[in-house]
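Model the full structure from these sequences, guided by the hints.
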Amino acid sequence: MCFGAVVAVDALDLAVAPGELFVLLGGSGSGKSTLLRAIGGFVQPEAGRIVLDGVDLGALPPHRRPVNTMFQSYALFPHMTAAANIGFGLRMRGLERAEIEARAAEMLELVRLQGFGARRPTQLSGGQQQRVALARSLAPRPSLLLLDEPLSALDRNLRRDTREELVRLQRALGIAFILVTHDQEEALTMADRIGVMHEGRLMQVGTPAAVYERPNTRFVAQFLGAANVLPVTVRDGRIALACGMVVETAAAVPNDAMWLAVRPERVSLGASDAANRLSGVVVQRSYAGETLTHVVRLPDGTLMRATAALGHGLNAGQPAVGEAVTLSWRPDACIVLTQ
Amino acid sequence: MTAASNTRLPVLAIVWAWLLVLLVLPTLIVLKIALSYPADSVPPYAPMLPGLRVSIDAFSLILSDPLYAHALLLSLKVAGLSTAICLLAGYPMALAIARSSELWRSLLLMLVMLPFWTGFLMRINAWIGLLQDDGWINTIIATMGLSPLRLLYTDTAMYIGIVYTYLPFMVLPLYARLSQLDARLLDAAADLGAPPWRVFLSVTLPLSLPGVWAGILLVFIPAAGEFVIPDLLGGPQAQLIGRVLWQEFFQNGDWPTASAIACALLILLLLLPAAMLWLLRRGVRLS
Numbered sequence: 001m002c003f004g005a006v007v008a009v010d011a012l013d014l015a016v017a018p019g020e021l022f023v024l025l026g027g028s029g030s031g032k033s034t035l036l037r038a039i040g041g042f043v044q045p046e047a048g049r050i051v052l053d054g055v056d057l058g059a060l061p062p063h064r065r066p067v068n069t070m071f072q073s074y075a076l077f078p079h080m081t082a083a084a085n086i087g088f089g090l091r092m093r094g095l096e097r098a099e100i101e102a103r104a105a106e107m108l109e110l111v112r113l114q115g116f117g118a119r120r121p122t123q124l125s126g127g128q129q130q131r132v133a134l135a136r137s138l139a140p141r142p143s144l145l146l147l148d149e150p151l152s153a154l155d156r157n158l159r160r161d162t163r164e165e166l167v168r169l170q171r172a173l174g175i176a177f178i179l180v181t182h183d184q185e186e187a188l189t190m191a192d193r194i195g196v197m198h199e200g201r202l203m204q205v206g207t208p209a210a211v212y213e214r215p216n217t218r219f220v221a222q223f224l225g226a227a228n229v230l231p232v233t234v235r236d237g238r239i240a241l242a243c244g245m246v247v248e249t250a251a252a253v254p255n256d257a258m259w260l261a262v263r264p265e266r267v268s269l270g271a272s273d274a275a276n277r278l279s280g281v282v283v284q285r286s287y288a289g290e291t292l293t294h295v296v297r298l299p300d301g302t303l304m305r306a307t308a309a310l311g312h313g314l315n316a317g318q319p320a321v322g323e324a325v326t327l328s329w330r331p332d333a334c335i336v337l338t339q
Numbered sequence: 340m341t342a343a344s345n346t347r348l349p350v351l352a353i354v355w356a357w358l359l360v361l362l363v364l365p366t367l368i369v370l371k372i373a374l375s376y377p378a379d380s381v382p383p384y385a386p387m388l389p390g391l392r393v394s395i396d397a398f399s400l401i402l403s404d405p406l407y408a409h410a411l412l413l414s415l416k417v418a419g420l421s422t423a424i425c426l427l428a429g430y431p432m433a434l435a436i437a438r439s440s441e442l443w444r445s446l447l448l449m450l451v452m453l454p455f456w457t458g459f460l461m462r463i464n465a466w467i468g469l470l471q472d473d474g475w476i477n478t479i480i481a482t483m484g485l486s487p488l489r490l491l492y493t494d495t496a497m498y499i500g501i502v503y504t505y506l507p508f509m510v511l512p513l514y515a516r517l518s519q520l521d522a523r524l525l526d527a528a529a530d531l532g533a534p535p536w537r538v539f540l541s542v543t544l545p546l547s548l549p550g551v552w553a554g555i556l557l558v559f560i561p562a563a564g565e566f567v568i569p570d571l572l573g574g575p576q577a578q579l580i581g582r583v584l585w586q587e588f589f590q591n592g593d594w595p596t597a598s599a600i601a602c603a604l605l606i607l608l609l610l611l612p613a614a615m616l617w618l619l620r621r622g623v624r625l626s
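Here the protein sequences line up with chains A and B, keeping their order. Using our numbering, read the first sequence as starting at 1 and increasing by one per residue. Using our numbering, read the second sequence as starting at 340 and increasing by one per residue.
Some clues are possibly wrong.
Stated by the list, open to error - From the structure, some residues in chain A lie toward chain B, with a derived Cβ separation under 10 Å: (1) Gln44; (2) Phe71; (3) Leu90; (4) Met92; (5) Arg93; (6) Ser143; (7) Leu241; (8) Thr291; (9) Gly313.
Unchecked claim - Listing some non-contacts, in silico: residues in chain B with all C-beta distances to chain A over 10 Å: (10) Pro382; (11) His409; (12) Met449; (13) Trp475; (14) Ala527; (15) Leu531; (16) Pro561; (17) Phe588; (18) Leu619.
Keep in mind that the hints were calculated from the coordinates and are not lab data. All values derive from a computational prediction rather than experimental measurement. Every residue, glycine too, gets a C-beta built ideally from N, C-alpha and C.
Encoded structure:
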């Protein structure tokens, strides 16, 4: 059914491949939901084109677009049963009654809600409503499904399970997904590719690993995951920190380098033979169960974070607040940024 | 929970006292008059006690004389048609108000309610001024070179008056319901392939039905007993039940018959919302 879903939005030029799970990540007001509404046909872009399977969607009203949306609030019809909600899109396409019922039952099974077809939305839990909304948007077999913060209304544990469920369904159906979220963990774990949005612009597009390991701007480095960002100057093809330390990097340094970003989990505490070393004093420790983060103040007042996995739990070996420590990181942990 | 029931009891007591004093008691008095013998006295009916003198003559009269049945049927027809016109005119109005911007919304709502600021009889008299043979409407028609129309004291004038008077009672409950409608449901329906008319039929209309029923009841019930508008704007043939009741009471001085008519009308108008509730419940169970 699905021959390929390609969405192009001029001015930010985004192309989504058939069967891809693309995540648009951004803070509130970054324009990610507006982009989704433009693809769905609910807002008209002032310029640019939206093309799906070679067809320009620009002039089509929402009901003529071969795209379905799963709304953030689910927007289930309160006066219809779960099965009638799921069958709605099929009824609008003029399918036979028997086929609609069969497809609705099939979709209920797909989202593991067998036997709930006769319930009304108010008689379902939040998680069940979420799955009915998903089934409803998938039932007409769109070539592209838009999901607006599909997990934000669920509580944390349910969200993790549902995340895996969504990916499983997406793989099984082969439908391209564009999923909007503000949750970086959701983006990293689910996406084939992530697009980071900020102030209406697409800052970076790439696989989760590429965007996380090689962010192209200071904004992306700090928005997706945590990062120690230090201002640098370029000297003889190498970079130097404000304190004067020359940093060993794995890759060649561009002449217009402005910042050095180092992920906290790549920074080690204590004696080390790593090429880059700084000393400072621990000013704060924050315990997060799986990890322990030390905030270290350098002599010039800069704060750096070092996060370690607690593979052996808390012990006396970890430095306390007030202790002098050495921070170190390897050359390949350096992310050099020009903007 | 105890705190809630502590405050609920006095509030409910006020409501029940209100209903008892202003609704049940007067109804019982009317029923008592309807079951009394007429008498040449002031008031013109014989006391029931002592001796328990009860008469069902008034009821058997209104059941046997076709005049009353005819008036009742005519009233139901006029009220039904007026309600239908109010619904057809009021629904688009309510929808437009509910979908307009904040500023327009309050302005339009005020325009709907503005007529209430003037006395009802004044406004009906204004309609007489508009509709009469040398009134404003006929003056405009005459300047266009057309022959004048006979408007006042016709059924048309009566319907204009009733629809004009009761339209706000249709628009307001519909507006209240439609403005609560979640716009995202409309987006969802369009997203699933529903063109605008199907969005209306499958989402907007079914979700506004409680407002539709409220509007129908608020227009139909007072319109069925309407007396002033048919009397002032309608022709002599418009013998509605309210008018017949008035004649029995004030012209014939037959209080028992007038009261019996009032009782019959009340029973009929109580059956109507009951039937609607029953239909509504059944509809909910079916869908």
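### Query
Which of the stated hints cannot be reconciled with the structure, identified by number in ascending sequence?
1, 6, 7, 8, 9, 14 and 15
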